[in-house]
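A.B. asks: Residues per chain, in single letters:
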Amino acid sequence: MYVKEALMSSKPTRRTFLKGTAATAALAAVGTCSLGAWQAQRAEAADDSAKAQGPSLCNGCSSKCGLIATTLGGRLWTVEGMEAHPYSKGTLCGRGHGAAQWAYSDGRLTQPMKRQNDGSFAPISWDDAFAEIGAKVQEIIAEAGPEALAVIQDPRPSGKYYSKRFMNALGSANVYTHAAACNLSKESGIQEATGATNFSVDFANTKMVVFIGRSYGDGIRPSSVKSLAGAADAGARVVIVDPRLNNTGIFATDWVPIKPGCDIALLLGIANVLVTRDLYDHEFVEQSCTGFPEFAAQVAEYTPEWAEGVCDVPADTIVELAESLAAAAPACAIEPSWRAAFGCAYQNSFETARAVCAVNALLGCWGQKGGALITSSPKAGDLDPVKFPKVPEPAAKRVGDEEYPLALAGTGTNLAVLNGCNDGTVQGVFFYNSNAVQGYAQPAMWRVAVVAAKLVVAIDVQMSETALASHYVLPECTVLERFELPEFIGGKKHFAALRTPIIERVHPDTKSCDEIFTGLAEACGVGQYFPFTVEELAEAQLATVGTSVEAVREAGIVELADPGFAFGTPVFKTPTEKFQFTSAKVAEAGLNPVIGYVPRLVEPAEDEFYLVGGKQGIHSHTMTLNLEALNAISREYGLERLWMAAADAAELGIADGDTVELSSSEHTGTVTVKVTERLKPGVLFMPTHYGSTSPYLTRAQGFGLNMMDFVPLHLEPAVGSTMSQEVAVKVRKVEG
Amino acid sequence: MEKTAYYLRTVGALLTTLGDDAPAAYEEARDAAAAAADSKALAVLATPDSAVRRRLEREVLAGGAAAAVLPVESLYKPWAACAASGDGTEFGAARHRYLGDAAWHARALYDGLGLTVPDAFAAMPDHAALLCELAALYAEAGNAEAVRTLLADHFDWLGAYQEALAQRQEAVEASPAEALGPQRRDELLRALAHGRRLAGLLEEIAQQLATSLDERNR
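Read top to bottom, the protein sequences are chains A and B.
The first sequence lines up with residues 1 to 736 when you count with my numbering.
The second sequence lines up with residues 1001 to 1218 when you count with my numbering.
Heads up, a few of these hints could be off.
[Stated by the list, open to error] List time: in silico DSS-like cross-link candidates among lysine-lysine, alpha-carbon distance up to 25 Å:
| id | chain 1 | residue 1 | chain 2 | residue 2 |
| --- | --- | --- | --- | --- |
| 1 | A | K259 | A | K730 |
| 2 | A | K387 | A | K492 |
| 3 | B | K1077 | A | K51 |
| 4 | B | K1003 | A | K19 |
| 5 | A | K259 | A | K733 |
| 6 | A | K454 | A | K114 |
In case anyone wonders, no lab produced these hints; they're calculated from the structure.
Fair warning: this is a prediction, and the values are worked out from it, not measured in the lab.
Generate coordinates for the entire structure from the input sequences, incorporating the hints supplied.
C.D. replies: What follows is the structure in structure tokens.
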């Protein structure tokens, strides 16, 4: 870092940091440019040659909305949404603008770190970090086999490729996403019913849409909000089923407050009305479904009155919703949601997803204008096996797949890693772009698990709670500083987009994901599977879909070959090639094969509350709270507050702005309360971004509460999701 | 001027990662103080114990560290004051970001002199150590005007830096017992206190230098 110069013997040795030797004449020259004069010069210069623009994909959440970044003289100046990108459509949300600040943020990791005995971290060189990690990996493989290694990642264009390739190259199939704490149950349920893991609503043509928990106004994608706004403007009926009147309420015609975790009863009650009153689409059911007779026989018991008793929605409301949907059909749909109420929240989340699909089937809206659309996604074709060597299929099955056969092949359940660490099945874990320890399940249980592991490596831009629990923390450079593999975007049209470096690396000792995994691979003895650069791989992938890096860089986003979407009943890629009211795979997993009722697990006692969580429009999980501008918004508006229904507050003598103590079987904490009419009595709402415990995240630490701290560890049977809202809590005012 | 500027330079160096060289660096600073004490005695610093110095380097002066409070000017001043070509910036006058106007101006000064910023300081051309070195180079060349301008432009944030260190001390004191072990907490608090003394000394020397230049000018 510095050079010691031995000067004339009469002077002491001095330390020199700046490189080069300035001529004495230059140093002695008068009239150096002051800061003020320099700033004035820059302001006056209409120097467009210093202005540049480049495309990238936001990293404020998992949507990866396209953005255009502008630099002036090499310094990031502004970011804006990419017009042609289907998720941004010209708008970047608050998260996107906040995330752009990461590049220069003082909260970033700037060099690799190794945990010391006293829990602090000391800098370590990349070479030493790679060497030590490589040695530990080899040790684990020698003792327990490669199947004792795992990687958990929240998918990003390069991360999902490189992390999988690295782990498979080592001989391990243990590649997991964050899905068990996000949308695993929902996607698995939709897959069992339809063969696809997701669907979308045709807002442009819909007459009626029902949201089960999902809130576009609080969630992700500017394009979703725009689509919904268009539907609302066109007079569509928009029904929000949620214990909370969320921020999508401005577009809604109806708010249906519901008991948390009981959406499945509402859906089955609607199904009951559609079947028993013969309001369902006979043609679709007869031609395109399997298992309807068994489903119809079972659904007969799920009367609106029964449903009211379970979910607290009046029977009349259930009947009216069913009849209105039938009248609007097929230009209507139950929206698929994402995380919200049944992505991973309850014991019945998987089944709730199937129930959503069942109602859409009865409405005959699959593939119809205004209905539920299943579209396709592009992907790269086969590549030259010499330049891009094929990695052999790992021998052992992925840890967790046997106990959780309904976990998606593409995601697994990352909680199997938590259990695996505890029973010794998993001994080495890599985390990429993942704060599992804080957000995926009971943090105390995660900490116990990672302590048990012999090697834990976190790759991140900040010292998250997961990084804090790791042996090694490897700093990634931020999105605007790096190139990544193409992102292939599906839908009615197909696209390819890229993350390209907009600014030079701010901290030279940070690396991009591909550099990190390539370095790890070399250190672990499997470097032969990484003989290419990320640019070479990107070029090859894009060539298989008829475009190039240059074309995508120039245009920001390139539309690929027309997938030929057409309205009409889709091809259901299920084993039966039909929509499945019953599923053999579900039966094999030990569950009721027929879509039917499953209760939530935890029922609050008389003096307890339900607790539900949700996103805010400026934050993503635990990732963004330390970003100064977004943190400041949260503090200014008290966004960390726990919501309590006005009726409950009155009963407990709690006023808006009071401090309350929240407690469950797992945790106790205090927080300010927001008293509101926008919440069903008996329910508390907690935004799920707060309560950081990392002292490194100085703006986030101790600000608000972390919902997962209160939730016991449960895994959804056969699916392995985290059951994030299966908890009962007590609340009381804190006096003084 | 030259001797006081050299003292400034040696104290600036103490705000970097010195490792085993730290004791020698403190010795040099004390020698520089003795040589610079012409009309007004300047404060000197005792060498802190090695545990405190290590804590300072690893946990206060390292980017991304637990108690990181870096002596980098951009972090304590508005990021951008100018709006070139009529366009507003994403970040405006926000603080706590690297590579603000201060950094770009410092780099422009180094460029003009044929000096380059080493990789380790790529994000921090406006690190206190580099700015102090530049002041000393100007002083060695006899350019009082340049020293005065540099002090006025780039040494007005040291108060804010001391305040940031003080706030971090408060946060460490308030942190739950289980977050930091007793030894680590004690060493960290002493490291932060030492950092404040270094920053305060730097501010004092800079003010002394500026005052002596003003007196010379009259």
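A.B. asks: Take the hints in turn and mark each one as holding or not.
C.D. replies: Hint by hint, here is what the structure shows:
no.: 1; hint: A:K259 to A:K730; in the structure: holds, 17 Å
no.: 2; hint: A:K387 to A:K492; in the structure: violated, 33 Å
no.: 3; hint: B:K1077 to A:K51; in the structure: holds, 24 Å
no.: 4; hint: B:K1003 to A:K19; in the structure: holds, 22 Å
no.: 5; hint: A:K259 to A:K733; in the structure: holds, 24 Å
no.: 6; hint: A:K454 to A:K114; in the structure: holds, 14 Å
In terms of the numbered hints stated before, the structure departs from hint 2 and from no other.
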